[in-house]
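Hints given; two lone chains; assemble the complex.
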Amino acid sequence: MAVRTISRAGRVGLSWPKSGLVLAWTALIITTIISLFPMYWLYLTAFTPTQDTIKATPDLLPVNASLDNFSRLFQQARDYWGWAANSLLITLAITLFHIFFDTLSGYAFAKKRFPGRTIFFWLILSTLMIPPQVTLVPLYIVVQNLNLSNSLWAVILPGWANVFGIFLMRQYIQTLPTELEEAARIDGCSEPGVFWRIILPLAQPAIGALAIFTFVRYWNDFLWPSMVLIKSSSYTLPVGVASLQSEFSTDFGLIFSGAALAALPMIVFFLLFQRFFLEGVRMGAVKG
Amino acid sequence: MADVALKKVKVSRQSPTQRLSGFFKKYGWSYVFVLPSLLVFAIFTLFPVLWAFVISFQDFRPRGGGGWVGFKNYTDAFTTQDGVFVQAIKNTVFYTLVTVTANIFIALTISSLIQPLSKYVKTFFRAAFYLPAVVSAVIIAVTWRWMFNTQWGFFNYLLGLVGAGPVRWLSDPDIALNSIILSTILTVPATGIVLFTAAMDSVPTDYYEAAALEGAGAVRKWWSITLPLIKSTTLYVVIFYTIASFEIFEKVYVMVPSGVGDSTQTIVTQIYQTVFQQFRYGVASAQAIVLFLLVASVSVLQFRFLKSDVEY
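In the order they appear, the protein sequences are chains A and B. Just so it is clear: in the first sequence, position 58 is 58 by my numbering, and no numbers are missing. Just so we're on the same page, my numbering is the position in the second sequence counted from 1, plus 1000.
Quick caveat, the hints were computed from the structure, so don't treat them as lab data. Predicted model only: the values in this text are computed from it and were never measured. Backbone N, C-alpha and C fix where the C-beta goes; we use that ideal spot for every residue, glycine too. Among the clues, some could well be false.
FRET-style restraints, in silico, Cβ to Cβ [as the list claims (entries may be wrong)]:
{"#": "1", "chain 1": "A", "residue 1": "Pro-192", "chain 2": "B", "residue 2": "Phe-1124", "range": "17 to 27 Å"}
{"#": "2", "chain 1": "A", "residue 1": "Ile-33", "chain 2": "B", "residue 2": "Gly-1163", "range": "15 to 25 Å"}
{"#": "3", "chain 1": "A", "residue 1": "Arg-78", "chain 2": "B", "residue 2": "Phe-1047", "range": "32 to 42 Å"}
{"#": "4", "chain 1": "B", "residue 1": "Gln-1277", "chain 2": "A", "residue 2": "Leu-21", "range": "52 to 62 Å"}
{"#": "5", "chain 1": "A", "residue 1": "Gly-82", "chain 2": "B", "residue 2": "Pro-1257", "range": "46 to 56 Å"}
Next comes chain B alone, as it looks inside the complex (with noise of 0.2 Å):
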């Protein structure tokens, strides 16, 4: 006891500077090591962030401009041009349906399928199937673009040799989103198979075994062991996909660079828009920030949802 009163008195005594010093001494280093990565966070994303929330309720523009509008940002993006961003906004949910349905069900589907097989040829399927992903979004819309193509275009090709009529692909205002949903489908979810089949590798044995021994055939076992066991991982991938569908822009702009009508209009399209044709900075920062809540709404639903049986 008189030995802690004793050190506090000491501390106590200590001049500012030299408690300071002290400071600096056990911590200094700590300091520096943060200093160079929360610098640029600051300023790049925090500072940015933050502006965006106050841009979003001001009159904002190029030259001049300013002041407080309240909600206006707000009503103006989902009134102005006959309400092309709520348009925007059903075809990305649309979208983000469709392709996160199709992908967790596909990357499912092919995990369970190469996860018997050996690691060799495992790791040959993981490798083919993850390749086109690490090619610019923008090459690979190119080239569907192309295939999309309604004079010489490989699919309308393909519909020629049983005798359909060309299919307008990509300038019908009825199909062109259909068309870009298409390409998502057929590009394989290769980032949910990589991880599908490291969630399954860590499934221990043992509770196949234990499943076989009590008679249970593989769907049996695919269904009572392997699906719940990699819930958390199922999760993981859904919100992955979800985010990346909400924010679909490059596929959209390269495939159909002046759109076709609103049908093709996304988000983010949207968002580029409104900044870069219209200078509505006001506009624009609200239009993010209802993306923002968009997602994370969503997310949090889906991890609700998702969650509620992970425990094993």
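One chain only, chain A, in its complex shape (with noise of 0.2 Å):
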């Protein structure tokens, strides 16, 4: 008995008075609808037709709801399909290659030695610091010289690049204990094995928050596909959002259906996961 309430004393962290739980209840909940309400905004106008959404008086609940605007989304912007799967299709490719290759050198990074260790990591480390807008024009005058415009691999090259996730992997794989891999290396096990067998395993949570941060931000990826993506067919599905804009430029209730649907995976990939995105801000935060 004694026990518990010491435990349960030793939980008291910040705290606020009984009055001040109200008026932080009030700001929390208003804050949240706030937060969500343009959401609600981009889906209620998906599901308004056209002529409705232009209306003195908008309606602020869906009650002429229908599904008009996708059909007409789909008979107008025939690209759209498209857009998903270049987007998918770029997007897996940067994400598969950074979970292998990232964990592959941030085990070597944080475990091995060898010449070079030190001046490689630091010259990774220090690019960090630059914004990616400065390898902007090289990379588009490289593109241009060898006919990449609108090739998926002009997108998911310069994305391999990103070093983050090396960083990310060796700070992680610097906290594994050493013995398993000297036990498996006694056991015969080669260098690669104990790669394939002990580290990848081992590296999970970490990999798993590189994964949903890589695949987040390069599905939301705009302005480098946006200026090496030209053609309707090649366009991601943030690029097509946008030019859904300028095509049907009062056609609200196509443009936002276009929009609606763009952003329903990565809700749900969100609601799914959700407890690993907020792990994954957090240990992409552990930097410095």
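In structure tokens, the structure reads:
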């Protein structure tokens, strides 16, 4: 009994008085509404027939909900599913590369001693500070000269060069005990075997965070894809949605059906793996 | 001693090929492991970064051109078109100052408010705040543009309810930048909240108990324990939002596609236009380097300023 009281008291951290709690709840609920309102408005408009979106008094609830916008979207923006396929291909290619090769090099940087290790690592680290816009012009020139415009590779290859994951994996693998690797080596496990059987399974939490980070980042990427993907058939979803806006300027229903559908995978993804997302944000921040 | 000497002799007697194979046996796998990452890094990051510096001192154009021009691209960047780039820097700095201050304030307040609540409630709020952050900035901006629409937008509908006239949120040059800032402020700073609450979780509860014994109230505890102990997180969050604000692009590009005069130009929209519409690669590189220098110096300043008494 006494123990329980103590442990309970031990959990008291920051706390507010009762009256403050009411205020806190009110503030939090209002903030939640403000935070989610644009999402609500996005889906509301997507399901509102276009002629109803331009009314002096907008409907605040889906009173005339219909799928009309979506059927028009598929008729008029014929490449839409192509955009989704491009987005998926690009994002998967980048994410899979990072999961495997960042863990591999992160492992080497964390646990192995080899000449050049420190220099290579600091070289990588120093470029983390440089804004990605700096490489825009040189990469653009290369893409032009190699005729890679409209090729998905023009987006995938620079995505592979992102070094954040190497850093994240190195930090995590450094905390893993070395005894397991050594035991495996004594049992005759080869170096790739140590990586595959010991490191890869043990690094699972960090890999999850890295995968989610990379997937969201490149699924939503816009600036670079919009520069090198010029033909409608090669667009990704964000580039495509931005193009809907200029192509169907006043057809708000159609634009929003395209935007709402494009947002859906990430929302579902987040709701399913919400815990890993938030954990990943935290892990990604453990930098310095 | 003799042993060591003996070993030394042995080593030097190895043939070069032997030594090489010994080297590979020892380090080979390490290099194999880092090679793929280093290769793409060298080709698609390191080389472009170095080349960007070179181009910023050259007269580089899609067809022909070339040759060194010294600092001409840098002076051109600031002077052409009546110095629109200077205006873009001013806009970006203003945007950054306002939104970073607001984001830090809001994130800190919200985090402190949810901190004492139960674990499940905390998780619910964190998730509700983070949800919009996983959706593409383009889609969010398309939505805001629609809500800011002068004729049919949600905001002018709200104003109409209280009899206020329609505001040209995104087409009035005096208002447009502020509207963009407003949209950022009304987007809850989810990353900041997740990081702050995590940092607050890790503050040892003994401190609060000791303070309670001394008779400290809630606000006092927050001010004297919570705030100082999460300072390193505050530093990180400040730098995180500062860098993100300096690089603002999607939002502006989607909400005001052709800009509202110079009033909505930012550093990155300028770089984009210099590459894409004017094909002046040298000037665009110079502008990108200026962005880098700005971001780097501001980060260093913030680090200095906030780091001084992180120790506890």
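Hints versus structure:
| no. | hint | verdict |
| --- | --- | --- |
| 1 | Pro-192/A - Phe-1124/B: 17 to 27 Å | violated (44 Å) |
| 2 | Ile-33/A - Gly-1163/B: 15 to 25 Å | holds (24 Å) |
| 3 | Arg-78/A - Phe-1047/B: 32 to 42 Å | holds (38 Å) |
| 4 | Gln-1277/B - Leu-21/A: 52 to 62 Å | holds (55 Å) |
| 5 | Gly-82/A - Pro-1257/B: 46 to 56 Å | violated (23 Å) |
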